[in-house]
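Chemist: So you can see what is in the structure, the chains are spelled out below.
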Amino acid sequence: MKLLDNTLIQALIMALILTAPLLLAGSGTGAGQLPSKLEKPAADRISAEALHQLKAEHHKTRGFRDGAWSATPPEGGVLRQDIYRNSVILQAGGSHTVLPPHSILHLPRSLRQMSATRPIGDYLPWPEFYARNRSAVLTHSVTLEQALGKTPIGQDVSRQLRKINRIVVALYQNNPVSVLPASRENAQPSPNPKP
Amino acid sequence: MKLPTPLLPLILAATTLHAGEFIRQHQLASGLVWDRHVQSPEGTAWSPVPVGKGGSLFTLYALGTGSDTKLYRLDATAVGEPFPAVEVGIVSEDPHLPPRTRADRAFFVTVKPQGGGRAAPLALEHSGTSYDPATRAAGAQPRTSHFGWTLLSGKKPRHARYFSQLPCTDPTRAEGEETVTVYSRHPDSKQWLPLGTAAIQIWPVAQAAIRGIAPGATITDATAKNRIDLVCRDLYPDSVTYAQIYRGKEKLGTMGKTVPGSVVRFDTQVPQNQKIPLGGFLGTLEDGHYTLEVLTITPFNNRRPERLCHVSFVIDRGLHNPGLVSNGSAGTRR
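Chains as they are written, first to last, in the working numbering: chain A, 9 to 203; chain B, -13 to 320.
Please note: incorrect hints may appear among the correct ones.
Derived contacts from chain A toward chain B, CB cut-off under 7 Å, selection only [as the list claims (entries may be wrong)]: (1) G38; (2) A56; (3) S78; (4) P82; (5) Q181.
Per label pair, the in silico range of CB-to-CB distance [unchecked claim]: (6) P81(A) / G75(B): 18 to 26 Å; (7) Q100(B) / S78(A): 25 to 33 Å; (8) E47(A) / H82(B): 17 to 25 Å; (9) T130(B) / S55(A): 25 to 33 Å; (10) K48(A) / T155(B): 31 to 39 Å; (11) H82(B) / A79(A): 28 to 36 Å; (12) H82(B) / S55(A): 21 to 29 Å; (13) T155(B) / T80(A): 22 to 30 Å; (14) T80(A) / R147(B): 23 to 31 Å; (15) E136(A) / L83(B): 27 to 35 Å; (16) D253(B) / K48(A): 21 to 29 Å.
Hints listed in this document are in silico derivations from the structure and should not be mistaken for laboratory results. Just so we're clear, the structure is a prediction, and the values are computed from it rather than from any experiment. For glycine and all other residues, C-beta sits at the position ideal for the given N, C-alpha and C.
All chains should be built: construct the whole structure from the sequences, respecting the hints.
Modeler: Here it is as structure tokens:
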């Protein structure tokens, strides 16, 4: 009886495995799946040779005809978009995250090892990385004017941030942002002038 | 609500986003970078950061799926005064979205300058990524191919017909995705920045084999009850596949009788492999010459059946059975 049960279970498992593609895909079997009006077969499956030939003929007039095709980008080149070259990388516990350049307002000497030049381990989105490393990372909201370097961050605030033994990340609207160096041309009076 | 014009808000539109994804806005003139982390699977949001006089580059990054914990760049578009607005699209005979087609079918690329603004030269890049047939995905070490660059005037809408260029010894087996990206040149830096991207999935042409009957075989009483199986590989994600049988030698375009139990329909995201057991159905046929064909109906060829494979054979049991009846071109025994 036990042998029979095992056989039955095995048969059921096999049936499930064999029909899995159909069960999971929302597909079906049976004559009811055919179109109501079945047409005559129109073509044979194309062979590799025929497709090679078709592509070779098409290649002569390949796509757009405005200009010649080149293996390299046009003069001037393409703006490089290497996220790791254009980011601050923070790492902790076998994971890393990326932040905008100039978004670290304060990096204590004791936590410098968290700032990396290349990614190591798994990528963690910033919100998750921050949640896991609150003991080492603090955020500070800035205004758009401060982010653009038009208004410096108040010196009192900067002084307070430097006393904190945590990495301070600048946020604008709760998301990481660069804080560009204050430009003399654009600089407006600080709301917290030096006493 | 009227938004302050100096901020020149921009819609960040994205589909099927998750918390692991973010949109990076890079103000090209100032160098300001703001990462907006996405909280919902889809939606639209205003950027509170102005595009800026020199324009902004918006780039969508995403965490890999499942156990893949790498960071990927999915899309990028430059907007603002220095850049023309351009719509890039890819369509195929399959109306499915996102776009997809089969390795032997052409697809059509459209580049439409928008808004009637000034015409600026555009550069078009065509590239592709081959999939791992085992996972139907690019995998951790994607095989990327660059098919080249060309320049477009950008003055009027352009359309072009392409065949897949994914590298594969047998081009009918190619699978992956091809991408077309249109770029515009920044007037100051002279660098080319992406305006829009369109992509299409390429799936292999299905294959089928009929197991249990050799071509030209003579089926005798002893072999008439042998199992016949159809072994199908890479059935198109939107397809109906079935077998038909008719009397006589093979002739494309012949309407036969659908073999009971042979019909399988898929409405999926990726191609499917399927073994279809026909059992010992030869035993139900009367003596004569027959052809058995495996057909598939897909969005291609105006959804007319395409023949994947066929086999012609003879049934000769050396006896006359009055119980056998003919039905159209196929004779069956009840």
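Chemist: Now tell me if each hint is right for this structure.
Modeler: We went through each hint and held it up to the structure:
| no. | hint | in the structure |
| --- | --- | --- |
| 1 | G38 | holds (6 Å) |
| 2 | A56 | holds (4 Å) |
| 3 | S78 | holds (5 Å) |
| 4 | P82 | holds (5 Å) |
| 5 | Q181 | holds (5 Å) |
| 6 | P81(A) / G75(B): 18 to 26 Å | holds (22 Å) |
| 7 | Q100(B) / S78(A): 25 to 33 Å | holds (26 Å) |
| 8 | E47(A) / H82(B): 17 to 25 Å | holds (21 Å) |
| 9 | T130(B) / S55(A): 25 to 33 Å | holds (28 Å) |
| 10 | K48(A) / T155(B): 31 to 39 Å | holds (33 Å) |
| 11 | H82(B) / A79(A): 28 to 36 Å | holds (32 Å) |
| 12 | H82(B) / S55(A): 21 to 29 Å | holds (26 Å) |
| 13 | T155(B) / T80(A): 22 to 30 Å | holds (27 Å) |
| 14 | T80(A) / R147(B): 23 to 31 Å | holds (24 Å) |
| 15 | E136(A) / L83(B): 27 to 35 Å | holds (30 Å) |
| 16 | D253(B) / K48(A): 21 to 29 Å | holds (24 Å) |
Taken one by one, the earlier hints all hold for this structure without exception.
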